[in-house]
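Student: Guided by the hints, dock chains B, C, D, E and F onto chain A, whose structure is given.
Listed here are the chains, written in short residue letters.
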Amino acid sequence: MPAKAQEKQKLIDKEGKRIDGRNPDELRPIKIEVGVLSNADGSAYIEQGKCKILAGVYGPRETHPKHLALPDRALLQCRYHMAPFSVEERKSPAPSRREIELSKVIREALEPAVFLEYYPRTSIDLFIEVLQADGGTRGAAITMASLALADAGIPMKDLVVACAAGKVEGKLVLDLSDAEDKLGEADLPVAYMPTIDAVTLLQMDGNLTLEEFEQTVNMALNGCKQIYKIQKEALKAKYVALKEVAEE
Amino acid sequence: MPAKAQEKQKLIDKEGKRIDGRNPDELRPIKIEVGVLSNADGSAYIEQGKCKILAGVYGPRETHPKHLALPDRALLQCRYHMAPFSVEERKSPAPSRREIELSKVIREALEPAVFLEYYPRTSIDLFIEVLQADGGTRGAAITMASLALADAGIPMKDLVVACAAGKVEGKLVLDLSDAEDKLGEADLPVAYMPTIDAVTLLQMDGNLTLEEFEQTVNMALNGCKQIYKIQKEALKAKYVALKEVAEE
Amino acid sequence: MPAKAQEKQKLIDKEGKRIDGRNPDELRPIKIEVGVLSNADGSAYIEQGKCKILAGVYGPRETHPKHLALPDRALLQCRYHMAPFSVEERKSPAPSRREIELSKVIREALEPAVFLEYYPRTSIDLFIEVLQADGGTRGAAITMASLALADAGIPMKDLVVACAAGKVEGKLVLDLSDAEDKLGEADLPVAYMPTIDAVTLLQMDGNLTLEEFEQTVNMALNGCKQIYKIQKEALKAKYVALKEVAEE
Amino acid sequence: MASVMVKVKQKQIAQLIAHGKRLDGREPNDYRPIKIEVGVIEKAEGSARVKIGNTEVLVGTKVDVGEPFPDTPEEGVLTVNAELVPLASPSFETGPPDENSIELARIVDRGIRESKAIATEELCLEPGKKVIIVFIDVYVLNHDGNLIDASALAALAAIMNTKMPKYEIVNGEVKKKPGYIPLPIRNYPVPATFAKINGKMIVDPWLEEEQVMDARLTMTFDKDGNICAIQKGGIGHFTVQQILDAAKIGQQKSADIRKLVVKE
Amino acid sequence: MASVMVKVKQKQIAQLIAHGKRLDGREPNDYRPIKIEVGVIEKAEGSARVKIGNTEVLVGTKVDVGEPFPDTPEEGVLTVNAELVPLASPSFETGPPDENSIELARIVDRGIRESKAIATEELCLEPGKKVIIVFIDVYVLNHDGNLIDASALAALAAIMNTKMPKYEIVNGEVKKKPGYIPLPIRNYPVPATFAKINGKMIVDPWLEEEQVMDARLTMTFDKDGNICAIQKGGIGHFTVQQILDAAKIGQQKSADIRKLVVKE
Amino acid sequence: MASVMVKVKQKQIAQLIAHGKRLDGREPNDYRPIKIEVGVIEKAEGSARVKIGNTEVLVGTKVDVGEPFPDTPEEGVLTVNAELVPLASPSFETGPPDENSIELARIVDRGIRESKAIATEELCLEPGKKVIIVFIDVYVLNHDGNLIDASALAALAAIMNTKMPKYEIVNGEVKKKPGYIPLPIRNYPVPATFAKINGKMIVDPWLEEEQVMDARLTMTFDKDGNICAIQKGGIGHFTVQQILDAAKIGQQKSADIRKLVVKE
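Here the protein sequences come in this chain order: A, B, C, D, E and F. This note's numbering numbers the first residue of the first sequence as 1048 and each following residue consecutively. This note's numbering numbers the first residue of the second sequence as 1048 and each following residue consecutively. This note's numbering numbers the first residue of the third sequence as 1048 and each following residue consecutively. This note's numbering numbers the first residue of the fourth sequence as 712 and each following residue consecutively. This note's numbering numbers the first residue of the fifth sequence as 712 and each following residue consecutively. This note's numbering numbers the first residue of the sixth sequence as 712 and each following residue consecutively.
Isolated chain A, as found in the complex (with noise of 0.2 Å):
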């Protein structure tokens, strides 16, 4: 769509309503499921607007190629890979320089979290998979990564949840959806450790005052500390069921 034709659609209303009806400062629905897989050792599933994502993981165990194992500590490797029918074009298999660069930062955004020194030599592998994106992709994704870790068992600081906030049509607002990320003037997302105050992913596109970015990063951790009591009651169901089979 051409760009003059995109300017005229509103995407905040008179009343500070967005398009999906939300308030500036209002979360998409989050759905957040742990243990969903049977093979993975640790495993989750996130739906938070139109994101669909699962990741899996395995280990820790043997670094295959071994030359890439490190003596002191365990090698977190980490894909980030987006289904061909994720988004409205088809997207090649192949990994792309997007998917490429997001494996990086998800994984430098998780790593800080893990206690790696544990399991020298060995490797922690994290596959996430996008089944179906919509904004904040990264942010659903580390959200939900830093659980499936955990039931994988795998031991951490805390549990490192993520968030954008960013600028669409001059307002600031949280967490924003595919129109909004593409439309707006500014996106800004956040990884985070609400307990230790520890940021480990931030990145922006767009154009923020440095007043504006302030409040963005504000914005964005208010978001963070939302989900993260999602993110608590998520593991705490799937260890409320387990203990409910044993008991049965």
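Treat each hint with caution, since some may be false.
Unchecked claim - Straight-line alpha carbon distances no greater than 20 Å define the calculated SDA-like cross-link-like pairs of lysine to any residue that follow:
{"id": "1", "chain 1": "E", "residue 1": "Lys887", "chain 2": "C", "residue 2": "Ile1059"}
{"id": "2", "chain 1": "D", "residue 1": "Lys840", "chain 2": "E", "residue 2": "Lys840"}
{"id": "3", "chain 1": "D", "residue 1": "Lys762", "chain 2": "A", "residue 2": "Val1083"}
{"id": "4", "chain 1": "E", "residue 1": "Lys718", "chain 2": "A", "residue 2": "Pro1118"}
Claimed, not checked - What follows is a set of in silico ranges between Cβ atoms, one per label pair, in the way DEER data are often shown:
{"id": "5", "chain 1": "E", "residue 1": "Asp809", "chain 2": "A", "residue 2": "Ala1288", "range": "38 to 44 Å"}
{"id": "6", "chain 1": "D", "residue 1": "Ile892", "chain 2": "B", "residue 2": "Arg1168", "range": "55 to 61 Å"}
{"id": "7", "chain 1": "B", "residue 1": "Arg1108", "chain 2": "C", "residue 2": "Lys1218", "range": "40 to 46 Å"}
{"id": "8", "chain 1": "E", "residue 1": "Asp809", "chain 2": "A", "residue 2": "Lys1057", "range": "56 to 62 Å"}
These are calculated hints, taken from the structure and not from any lab test. Note that the coordinates shown come from a computational prediction; the quantities given were computed from them, not determined experimentally. Virtual Cβ for every residue (Gly too), placed ideally from N, Cα, C.
Tutor: For chains B, C, D, E and F alone, kept in the frame of chain A given last:
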């Protein structure tokens, strides 16, 4: 050529003869030579109709790369590859998906015949080069490759022989040519070890009733039995020739 | 540009001068610097006409991957690579067939000079980056690369020096520029070790009688001998500079 | 130790099958429970998730416009791709498709193509120039055996679920008109896969059975019970009689499973 | 032995930084000397070589005509590619771009794209069919730390140095007219990169500092001092306060460095 | 043990050559027997199989229509590709072309191109848009040394054997007319390859000689005895005199071999 034009061409005439003059249950002319390459440990060449296929076997030899070696038997590797000039439109030298699938099914057709357990940790490498393609390349390749293995001195339970049968204009026919394969209603290649009643390859494309299926399988097996004789003669010819050379 | 239009352009004028004003047996201006990179063990930079080429040498160092190591001598590896912006039409960064061939012939031009047997099991890695291409890149690359090897302290029998000669509009000329190479009748690059009369690279494209061939080879060798002096001065300049630094 | 336990289990599986029994309690000709959901990916033109026991496969379709193959200028193009994504099994690796994923894609492709399930001649917009391309992407999410049947079934359900834009040619350019129409589906190919273990034939092998099987046989049947595609796999062999018997059983199994997708 | 010496040096770097000092004598917020040369490759449409200390990056641009992306039919195309050529560092290898070179290229790309440095809407020749493509190739020649700032600065200098042919459409074919015009440049994005070592923030880390840093933070500012792109890297973390502080310092550093490229 | 025997044999080869003799009884300037067959692959537009001793090379050509290179809009395109297929030698591996097969293809290409053997200016159908492309695929079937001469000879025989369709342009589309015409061949390049062993020059090295040679020199001569291409290979060197002597001998050898292909 558009499908409509092709349909006008009759593949079987009023007398029941096929476009190349064969009867329905008649094989194409077959010429096999064993031991045609000086470097390979074993080799063979076949012409079946317009098919011209060459195979070379190296091994048992050191497995490369080493980590592929199996502790209790030899690794049988097989590459089915077509020369760029072997078909109407030039084929790119990179392996196509069809070549990768055929490499697998041909390997699995030959593997049941070979005493791989005699050569643990080694590799037996079979290279099949299609110099000219016609209908039935996979069958001709298997027939000839099992001779190349024999020529390399690899012990086998039986020679594997292969042949296709199928349906063309409603008639069941043996050993389909290219045109019959493309325009016919079904193509069913079978690989077989006659002395132990073992079917080691079975594929089909097309449309057959259960009854037709049984008839087609039997027709293909009949073809196999005829070719089996030619196979054995080719092998004998090689060793008679060797003996003559030795006695000169 | 169509061939016809090109033919109208005269590459040699009535006075026998070439389009860049040179006489037939005259080299392009050459500027060489040794030791221009801080990380590489040895490095050099050359400008010859519009050619701008940089080389770095790492080694002798551990061979990677290990199975390439040679028991009795060092492995000399060479990559000739062109920057995407080095030519008129942007070049894809992936190595072209031409770059792969040149990497091989340049390696084979330098290898006779190097005492590889002094460093068994190690690797000497030479990386040549063409920042701007003109006629005669392979010659300039060899001339400069042998200085980078010397700068890395690799012992050599002699410096290898290279230069092309060729035929343009019926005249034999030295050190062809891009236009002369493309529109001329022959280009003959030679690499040479002057003190031991060793030709280590010889290629030719074009059309020469046997008599012309002999003259062209001799013209190229004369060019080599002139450049050899510039090479030695560049090497001396580096070590004088080092000495001055040391004495300061 | 693990490996010893694996061998004990494998022996147990083989011995049970010799007596017509299976470790998970099934009869030789029983499938595991099959669950089919469609329309699970809204951004795909069609989608389906199929579970056979713990095996789980997701198939999404995309529809686009492109050039026909030179030898079929008046037909749409069908492209099947399969990915064995590494979260589905510790034995799957990242990287370009290997022989297993290529074989899987080609078996699924063959069933659809040979049964003429999609009326590709209705997918031509401008002969020789513009046709509709249907991408069928098979995504294996959890591997617990018999990927072929799960993938082929999910692919069938996904193409039946596919809605494509209405296209028209205006001044040589392809335009989308408002609205969507279903893909023209003419047949319903369904495979039945057998494993041979210890000389006996069973259907729908799960992972532990696949690890001890000698050979695998997949027969795909169309809506009329005719065979439209066959693939033998594995390094063992079948007798001729085993193949003829499998064809009869497979025809029945395939008809039963088809009813889960094709509601009449 | 080498490895022991490396560890001693690394410890020394970390300890100095804890006291607000650096091994090479710089203050925490000092850049190394920056040197910029433009027009160094005559065959490129634009070029620049930037040195920050011993780090050296060459950027060349090429201009060509091609098709626009389907979703921006009236805009030119910007393509950034980075090569960590193996003569630049013993840790760089030959082969296709790895995650480090891809990340580097995407950070440079993002700064130029998000600040709208190039007016891509002026690079359209025929909407939906023919637009101008600008290739920006980042060539790292010597790696002594902070490749991001050196690459982004060289890219900015190179696009400002770029002259492109005048094109016109004649009977649907693209023709070159005589003469050249500069690329339409509208903004001047400049990044500032921080490293966190031993809990402290420094700017412009050199190689030895990068080897001990916990995390890296790059903020790119446009000509008005607004932030247009951010990238955190490395396996450590930042506190929120560290990020907000870095933004203020980065804004100033970026303004200082911009003056080296944009002469008023 | 094998390796000791190899070294003994290699020493023997080198010593014999020092005395002007060769292990297989040939004189230094003798070729092995050469056998040429043409038209061996009916589906190829042209083909030839050449044996030099036990070295065996098959070349097939294909003719197609495509776009010219931008800098030669009125000339057909010539593409030479070589495959060292792994059945030909235990040292050949599967995978994309390595430096040896690329060098081989480029030497064959250079001989044909520089001698103007194919009149590419007669292969233009519509300037700048449609030209005839000739694919020359070199397929090495058995490697017993001197692949260059065998390949170049087979390529020459194959292009001389090539028949191409008659094309015409009808309303901007390429159509085939009935009948075939030969490729326009104007020259007959033939190489002669030398090996330097133990300081002496020999022609047509076989595999055992190649394994001990210091360096290799290929000179390609056209029908008038002029040199049109040269390639030195191997990690040794030649003296200037050795090169000049080789040129004289090569001219004669090439003329002799040309008679096997070009019958007058």
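Student: Does each hint hold? Answer for all of them.
Tutor: Hint check results:
no., hint, in the structure
1, E/Lys887 / C/Ile1059, "29 Å, violated"
2, D/Lys840 / E/Lys840, "18 Å, holds"
3, D/Lys762 / A/Val1083, "13 Å, holds"
4, E/Lys718 / A/Pro1118, "16 Å, holds"
5, E/Asp809 / A/Ala1288: 38 to 44 Å, "41 Å, holds"
6, D/Ile892 / B/Arg1168: 55 to 61 Å, "59 Å, holds"
7, B/Arg1108 / C/Lys1218: 40 to 46 Å, "57 Å, violated"
8, E/Asp809 / A/Lys1057: 56 to 62 Å, "43 Å, violated"
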